[in-house]
Structures are given as C-alpha cells and as structure tokens.
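*Asks:* For the sequence shown, this note's numbering assigns the number 15 to the initial residue and increments by one for each residue that follows.
Everything labelled a hint here was simulated from the structure, so no lab data went into it. It is possible that part of the hints are untrue.
[As the list claims (entries may be wrong)] List time: in silico BS3-like cross-link candidates among lysine-lysine, alpha-carbon distance up to 25 Å: (1) K148 / K247; (2) K174 / K383; (3) K346 / K148; (4) K362 / K346.
[Stated by the list, open to error] Each pair of labels, with its calculated beta carbon distance range: (5) T98 / E326: 51 to 59 Å; (6) D96 / D347: 17 to 25 Å; (7) I375 / G122: 27 to 35 Å; (8) K148 / V384: 55 to 63 Å; (9) T378 / T98: 27 to 35 Å; (10) P70 / Y230: 18 to 26 Å; (11) E364 / R385: 35 to 43 Å; (12) V121 / L208: 50 to 58 Å.
All figures in this text were calculated on a predicted structure; none of them were measured in a lab. Backbone N, C-alpha and C fix where the C-beta goes; we use that ideal spot for every residue, glycine too.
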Amino acid sequence: MKSLMTSIALLSLAATAVAQDQQLGARTKAMGGSYTAFEDDPVSVWLNPAGISTQPDQLSIAYQTYTAYPKGRVRGPGDTVDFTVEPSTVMGDPALLPSYIGFVFQVGDAAAPLAIGVCYAQPYLLNYAMDQVKDPNQPVFVPEAEVQQVFGRFRISAAKDFRISDVGTEGFFTHVSAGLGLDVGYTRWHFSGLGEDTTTSNVGVGFGIGGLLGVYDNYNSFKVNLGVAYTSKVSYDFQIDPDILPAFDMPQQLNVGFTFYLLQGTPLRITLDFQWIDWSSTAQEPLFSNFDGFEDAMNYSIGFEYRLTVSERVSLYPRLGFRLFDAPWSDKDDLPMTGPFRLVLDTKDEVFTLFTYGVGISWTTEAGKVRSVDFAGDAGGDAINFAIGLTMEF
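Working from the sequences, and respecting the hints, build out all of it.
*Replies:* Okay, structure coming up:
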C-alpha cells in the first residue's frame with residue numbers, strides 16, 4: 015500500500031509541477047493562520063517541515079480562494095467607459111489545481127521517528143491593476159495595465175524527532191524536532207495593457223527550515239509546543255526587465271508560534287503566531303523618490319479548536335480565529351510603486367482585522383486509519399475567502 019501511495023504521490027506532484035496562498039489549508043485558515051507549532055497536520059510539509067516528524071503516512075489536499083484586484087470596465091455617463099479595480103474572490107490558477115497537495119511518509123519507528131514529506135503549494139496569487147507614472151507630480155492614477163502572477167513551490171523535506179525525556183514523563187523540554195525542505199519555485203507572469211500582452215514563466219530554487227520544541231507536557235491536561243519556521247526567498251531571472259514591466263520575486267518569511275493543549279484529555283487547542291513577510295525586497299524600488307515602495311508585512315494570529323466526541327469513531331472540531339493582517343502598503347490612499355508602475359486598486363485599509371471560522375469532521379475506519387474533511391472561511395478583508403481540505407491516512 016505504501017509503495018502504491020508513493021507512486022501516486024510522485025506522479026501527482028510531477029503533473030502539478032508541470033501544470034504549475036498565504037495561509038494554506040482549511041484548518042490553518044479557520045484558526046486565523048496560526049500554524050507554526052502544529053505537529054499533527056500534513057500541511058506542515060509547507061508550513062513548518064519539523065511538524066511532520068512524528069506523523070503517520072498520510073495525504074492532504076486543500077483548495078482555497080484568493081483576493082484579487084482585477085481591472086474591470088463599467089459603463090459611465092453617456093457613452094463613456096469607466097475602469098474599476100474592486101477586490102474580488104478568485105480561485106487558484108488553474109482553478110482545478112489544488113492550492114496544496116502533499117504527502118507524509120513515516121520511515122522511522124516509534125523509538126526514532128523520521129518522516130519524509132513532498133508537496134506542491136501555491137501560497138500567493140497576485141492580480142494588481144497599475145498605472146505607468148511618467149511625471150513625479152502626477153495627481154490622478156488610472157488603471158492602464160494589469161499584472162497577474164502566480165507563485166508555486168514544489169518541496170521535498172525530511173524531519174527528525176529527538177526525545178529529551180521518556181514518553182509519559184511529566185516535565186519541561188520533552189522533545190525537539192528539526193526539519194529541512196528543498197524547493198523548486200515556479201511563477202507564471204502575465205502583463206496586459208499599454209499595448210502589451212505578454213506572458214512568461216520562470217523557475218528558481220529555495221529552501222525552508224523549521225524546528226518544534228515540546229516546551230511542557232503533563233500527558234493529561236496541559237501541553238505547550240513552540241514552533242519556528244523560515245522559508246527562503248525565490249528569485250526569478252525573468253526574460254522581461256522589471257525596470258520596464260512590473261514583476262515580483264517570491265518573498266522570504268519567518269514564523270514563530272505556540273500551541274497550547276488544555277483541559278482533561280486536551281480537547282482544547284489554542285494557537286498564537288507571528289509572521290514576517292519580506293515584500294519590500296521582492297519588487298523594484300520606485301522610479302520616483304516621492305512615491306512609497308512595497309513594505310514588509312507583520313501578521314499576528316490567534317486560533318481556537320475544540321474536539322467534540324460524536325461517537326467512538328467520529329469527532330467534530332469547531333474552530334475560530336482572529337488575524338491582524340498587514341497589507342504590503344503603508345497608506346491605502348497612497349499605494350506603493352514598483353519601478354515606474356503604481357498600484358491602482360480599491361482597498362479598505364492598510365491593516366485588517368480578520369475573523370476566521372471553520373469546522374472539521376474526522377472519523378476512523380475499521381482499519382484504524384483516520385480521515386478528515388475541513389471547511390474554513392474568513393471575513394474582514396477586502397474580500398471574503400474560503401478553503402476546503404481533505405486529509406487521509408494510508
């Protein structure tokens with residue numbers, strides 16, 4: 015069975031790489047994007063590779079939507095045509111491709127867990143309307159052009175868990191896990207407007223590293239994990255010149271988070287996370303010094319999950335979360351510039367307070383394998399977004 019699933023994994027991921035999200039996974043989204051100290055979710059292959067170290071063989075697939083700012087047209091007064099740049103909810107590109115598909119293979123044993131993970135992740139989909147600025151004192155900006163860029167990443171990772179104290183022994187610093195992922199990044203870029211209609215694609219390499227520490231565990235009603243993960247930037251060697259047409263690299267990011275397991279049997283989980291995303295180094299410096307460039311984002315999240323026992327084999331997981339989401343601009347009325355192009359879009363704010371929600375249901379088969387389906391949504395941003403996921407042990 016394992017060899018069959020391995021073959022399926024490699025074939026699926028190969029197809030994905032050929033065909034080509036910020037917080038990936040329905041469970042992650044429902045809990046405010048708070049995920050760095052997860053140790054039981056196969057999406058950790060991407061989120062924090064150390065988190066898969068003790069996981070069993072399993073598969074995870076997730077679809078989700080993204081916020082885009084496409085250029086549209088509406089009829090204005092008389093026979094005029096007005097441009098619109100309103101936010102909208104869109105599927106990934108292509109729509110049939112999952113935002114995440116990944117596999118975990120446990121190749122160690124209970125005494126010395128060692129896991130291998132493979133995945134394809136699409137964490138970002140950019141769709142911005144822009145205006146080419148030729149005068150530093152230009153007062154009005156019109157969405158003359160549109161840039162669309164999809165970022166995907168194929169990863170293979172390994173994670174090892176090291177016991178510090180024996181299982182069942184209450185105390186601090188019970189175990190530590192370390193994980194490393196090697197990545198091939200893929201981007202597809204399209205620019206339209208100003209007499210241009212250009213599409214290109216490119217690949218680059220990157221990596222991700224992560225650690226997970228069991229801070230405390232009484233094996234009864236209280237447990238704390240600390241997770242740290244870093245994902246490198248992927249730089250692309252475009253055939254177009256970013257000084258002439260706007261294009262972005264895939265940003266590096268750093269995540270630090272805690273997970274708390276509470277109450278008898280630990281049915282309650284609370285997660286806290288901080289995330290830094292280096293958007294400032296992914297774009298060109300503004301052509302004119304009186305315009306702002308893209309800035310880094312710092313996001314803060316808290317999530318809640320509670321396990322409700324429906325039957326001996328079925329559990330229900332209601333989830334809630336809050337996320338302080340930082341857009342890569344400092345002023346919604348003075349949007350950033352990359353090279354000679356300034357963003358032109360309708361946005362509500364610079365920092366958004368997102369309310370997230372979701373539910374999961376899991377069941378155990380007669381063979382003892384766990385299956386789960388998860389749904390999530392969020393509100394409070396420029397557009398609402400949703401995610402759905404499937405996880406299954408094999």
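*Asks:* State for each hint whether it applies.
*Replies:* Hints, one by one, checked against the model:
no.: 1; hint: K148 / K247; verdict: violated, 31 Å
no.: 2; hint: K174 / K383; verdict: holds, 23 Å
no.: 3; hint: K346 / K148; verdict: holds, 21 Å
no.: 4; hint: K362 / K346; verdict: holds, 7 Å
no.: 5; hint: T98 / E326: 51 to 59 Å; verdict: holds, 54 Å
no.: 6; hint: D96 / D347: 17 to 25 Å; verdict: holds, 19 Å
no.: 7; hint: I375 / G122: 27 to 35 Å; verdict: holds, 29 Å
no.: 8; hint: K148 / V384: 55 to 63 Å; verdict: holds, 59 Å
no.: 9; hint: T378 / T98: 27 to 35 Å; verdict: violated, 50 Å
no.: 10; hint: P70 / Y230: 18 to 26 Å; verdict: holds, 24 Å
no.: 11; hint: E364 / R385: 35 to 43 Å; verdict: holds, 41 Å
no.: 12; hint: V121 / L208: 50 to 58 Å; verdict: holds, 53 Å
In summary, the numbered hints that this structure violates are 1 and 9.
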